[in-house]
Amino acid sequence: MNNGAGKRINGGVEEDDDEDDVNGDLDAWERTYTDERSWESLQEDESGMLRPIDNQALYHSQYRRRLRSLSSTAARIQKGLIRYLYIVIDLSKAASEMDFRPSRIAVIAKHVEAFIREFFYQNPLSQVGIVTIKDGVANCLTEIGGSPESHINALMKKLDCSGDSSLQNALDLVDGYLNQIPSYGHREVLVLYSALSTCDPGDIMETIQKCRKSKIRCSVIGLSAEMFICKHLCQETGGTYSVALDESHFKELILEHAPPPPAIAEFAVANLIKMGFPQRAAEGSISICSCHKEAKVGAGYTCPRCKARACELPTECRVCGLTLVSSPHLARSYHHLFPIAPFDEVPPSHLNDPIRKQKRNCFGCQQNVLDSGNKPGLAVVCPKCKRYFCLDCDIYIHESLHNCPGCDSFRHSKAATAKED
Amino acid sequence: MASAPSKLYADDVNLVVVLLDTNPFFWSSSSLSFSQFLSHIVSLLSVKKQKQIKANQDERFIGFCIFLIYEQLSKEEPEGRIKSSLFSGSLSMALCYIQRAFHSGALHPHPRILCLQGSPDGAEQYVAIMNAIFSAQRSEVPIDSCYIGAQNSAFLQQASYITGGVHHKPQNLDGLFQYLMTIFATDLHSRSFIHLPKPVGVDFRASTIDMGYICSVCLSIFCKQHKKCSTCGSVFGQGQSEAALASDKKRKTPET
Numbered sequence: 001m002n003n004g005a006g007k008r009i010n011g012g013v014e015e016d017d018d019e020d021d022v023n024g025d026l027d028a029w030e031r032t033y034t035d036e037r038s039w040e041s042l043q044e045d046e047s048g049m050l051r052p053i054d055n056q057a058l059y060h061s062q063y064r065r066r067l068r069s070l071s072s073t074a075a076r077i078q079k080g081l082i083r084y085l086y087i088v089i090d091l092s093k094a095a096s097e098m099d100f101r102p103s104r105i106a107v108i109a110k111h112v113e114a115f116i117r118e119f120f121y122q123n124p125l126s127q128v129g130i131v132t133i134k135d136g137v138a139n140c141l142t143e144i145g146g147s148p149e150s151h152i153n154a155l156m157k158k159l160d161c162s163g164d165s166s167l168q169n170a171l172d173l174v175d176g177y178l179n180q181i182p183s184y185g186h187r188e189v190l191v192l193y194s195a196l197s198t199c200d201p202g203d204i205m206e207t208i209q210k211c212r213k214s215k216i217r218c219s220v221i222g223l224s225a226e227m228f229i230c231k232h233l234c235q236e237t238g239g240t241y242s243v244a245l246d247e248s249h250f251k252e253l254i255l256e257h258a259p260p261p262p263a264i265a266e267f268a269v270a271n272l273i274k275m276g277f278p279q280r281a282a283e284g285s286i287s288i289c290s291c292h293k294e295a296k297v298g299a300g301y302t303c304p305r306c307k308a309r310a311c312e313l314p315t316e317c318r319v320c321g322l323t324l325v326s327s328p329h330l331a332r333s334y335h336h337l338f339p340i341a342p343f344d345e346v347p348p349s350h351l352n353d354p355i356r357k358q359k360r361n362c363f364g365c366q367q368n369v370l371d372s373g374n375k376p377g378l379a380v381v382c383p384k385c386k387r388y389f390c391l392d393c394d395i396y397i398h399e400s401l402h403n404c405p406g407c408d409s410f411r412h413s414k415a416a417t418a419k420e421d
Numbered sequence: 001m002a003s004a005p006s007k008l009y010a011d012d013v014n015l016v017v018v019l020l021d022t023n024p025f026f027w028s029s030s031s032l033s034f035s036q037f038l039s040h041i042v043s044l045l046s047v048k049k050q051k052q053i054k055a056n057q058d059e060r061f062i063g064f065c066i067f068l069i070y071e072q073l074s075k076e077e078p079e080g081r082i083k084s085s086l087f088s089g090s091l092s093m094a095l096c097y098i099q100r101a102f103h104s105g106a107l108h109p110h111p112r113i114l115c116l117q118g119s120p121d122g123a124e125q126y127v128a129i130m131n132a133i134f135s136a137q138r139s140e141v142p143i144d145s146c147y148i149g150a151q152n153s154a155f156l157q158q159a160s161y162i163t164g165g166v167h168h169k170p171q172n173l174d175g176l177f178q179y180l181m182t183i184f185a186t187d188l189h190s191r192s193f194i195h196l197p198k199p200v201g202v203d204f205r206a207s208t209i210d211m212g213y214i215c216s217v218c219l220s221i222f223c224k225q226h227k228k229c230s231t232c233g234s235v236f237g238q239g240q241s242e243a244a245l246a247s248d249k250k251r252k253t254p255e256t
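Chains as they are written, first to last, in our numbering: chain A, 1 to 421; chain B, 1 to 256.
Hints are computed from structural coordinates only; laboratory data are not their basis. Take the hints with a grain of salt, since some may be wrong.
Claimed, not checked - Okay, the calculated bits of chain A under chain B, using three or more residues with CB under 8 angstroms as the criterion:
1) 78 to 88
2) 330 to 340
3) 393 to 399
As the list claims (entries may be wrong) - Every beta carbon over 10 angstroms from chain B, so not counted as near; a handful from chain A, in silico:
4) Arg-31
5) Thr-142
6) Gly-145
7) Leu-155
8) Asp-175
9) Tyr-184
10) Thr-240
11) Tyr-241
12) His-292
13) Glu-294
14) Cys-311
Keep in mind the model is a prediction, meaning the values are calculated, not measured. Every residue, glycine too, gets a C-beta built ideally from N, C-alpha and C.
Construct the complete structure from the given sequences, taking the supplied hints into account.
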């Protein structure tokens with residue numbers, strides 16, 4: 001995908017063939033300094049900061065490629081918002097390899113922690129569970145639940161690797177657990193696979209068909225090389241398969257699974273879920289907290305059905321089982337239902353037009369879209385309100401804000417009336 | 001999507017982005033006249049400007065605060081019978097501007113947003129405002145809000161609560177400048193040891209219902225059980241394909 005990763009692969013291949021005797025004791029990253037002289041590709045920009053040449057354009061084209069692959073067809077693809085995801089982590093001997101610094105499992109653990117936090121941030125009503133594969137046996141590390149801290153704490157304690165990996169055992173275990181969840185939930189599995197083989201007790205093809213019948217969407221991220229069985233699993237169940245080239249690529253791949261994937265409509269039954277919207281307890285009130293089993297003062301939430309106290313939201317009431325949420329939690333998922341259209345690129349010839357030159361300010365940050373020195377910077381335009389935006393605002397709007405400032409600033413624009421429906 | 005990277009804040013630099021409500025429908029019926037209101041704001045800013053110059057700050061951002069106000073004066077154009085003003089648009093612009101401030105160098109100012117609103121909330125902006133609030137929470141930008149209208153603004157209360165800002169509804173509008181100076185002019189570092197008005201009870205409940213039913217597809221809230229979701233059209237308790245088949249059959253029979 002990026003030039004840096006490509007160069008690194010080539011460097012590895014060359015080492016085996018030619019330069020064993022000369023540069024045999026140099027690592028690949030050291031070789032990038034001697035061979036490629038990475039400092040020469042740096043440049044100072046107008047505020048005196050060092051930047052690689054054309055980094056911004058590269059970043060932006062990467063971002064747009066990603067956006068296009070994510071929102072392939074129309075804007076309103078149905079997404080599975082209530083997700084039950086199992087993360088399967090391979091703790092076989094291959095996970096202790098050191099091609100990812102300091103070791104594959106350390107990199108995996110670090111990014112799984114970040115992924116879990118991002119997942120709960122983007123999907124507050126969903127739940128996660130962790131399964132590990134070690135010595136050919138799959139074990140459930142944490143049960144499916146909605147509290148990020150409990151998963152992260154449990155994961156960080158058990159990171160020792162040994163033995164073989166068994167994909168079939170993991171899938172069987174996950175299938176058993178996911179058959180117990182409510183029918184309106186979307187069932188997903190994310191496998192982080194480091195090994196190059198799988199030692200299975202039976203026919204893995206049968207297990208894959210079983211997962212397909214149970215409507216479980218399995219995705220795999222490989223850390224070593226592409227494997228047929230993983231590819232087959234993902235194709236059969238409708239998931240995605242990718243292999244990480246290096247640590248930053250792995251981080252990108254795993255975070256791609258945080259936003260909800262396009263839902264296949266028959267997979268989950270639509271249902272009305274009863275939920276409570278608790279009010280915050282008054283400042284001085286004293287009650288027994290149901291999660292800590294001790295008396296606490298103020299600052300909690302009261303279940304509207306059974307009046308038990310809960311510490312944080314979202315959660316399930318421990319006394320009556322009612323799901324407790326607050327409306328911001330639901331609102332956090334609304335941007336998946338009302339996505340904004342990607343902005344169109346503006347050809348540089350438009351920007352250079354001397355007649356319209358004065359008007360070229362990015363509508364979001366009021367910065368001049370033309371670079372200093374009168375070179376046209378890259379700009380994008382909203383297809384609905386026709387306002388220009390700079391690249392930074394474009395990325396911020398699509399990744400974080402999910403509102404077009406231009407469409408929101410004019411009441412009678414088409415976008416505004418569409419939202420009023 | 002990635003969480004906000006760690007930031008290095010310059011201790012004494014503050015960037016305050018002020019959003020003013022310029023809805024003529026509100027100002028024509030308010031007890032405080034718009035020119036008086038502006039005089040309060042301008043005096044607040046001139047005091048802040050003085051403080052900032054003493055602390056040796058980047059001049060660009062001082063000038064910018066005022067610039068954005070003039071921008072808002074011309075851009076907020078609420079019309080017709082709808083009395084709310086375009087809060088979501090101005091909040092989005094403010095956040096884009098703050099992102100630019102984050103890119104401005106290794107030590108950048110501590111940003112926050114101050115909103116002064118008098119018009120009532122417009123329900124059609126709910127999704128856009130919530131998106132902006134979550135983005136501000138992500139970037140750690142507190143939103144302070146001062147409501148100078150008649151009723152209460154649930155949007156402003158939620159915004160300040162979620163982002164960690166201060167919300168206040170002044171009792172006496174003639175003394176607005178004093179409220180602004182004592183509550184909203186404090187910078188973020190000093191807030192940990194200055195006693196500010198606490199939220200009495202932020203009402204998060206979606207239109208004051210305690211318990212409701214949520215559609216699992218589109219997350220819309222209902223107070224009673226229904227057979228079908230009015231927002232997304234999903235039939236409850238059935239798979240989607242079966243429902244589509246059933247409605248197709250219904251459509252075909254009247255024609256034959």
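Numbers of unmet hints, in rising order: When the structure is compared with the hints, only number 9 turns out to be violated.
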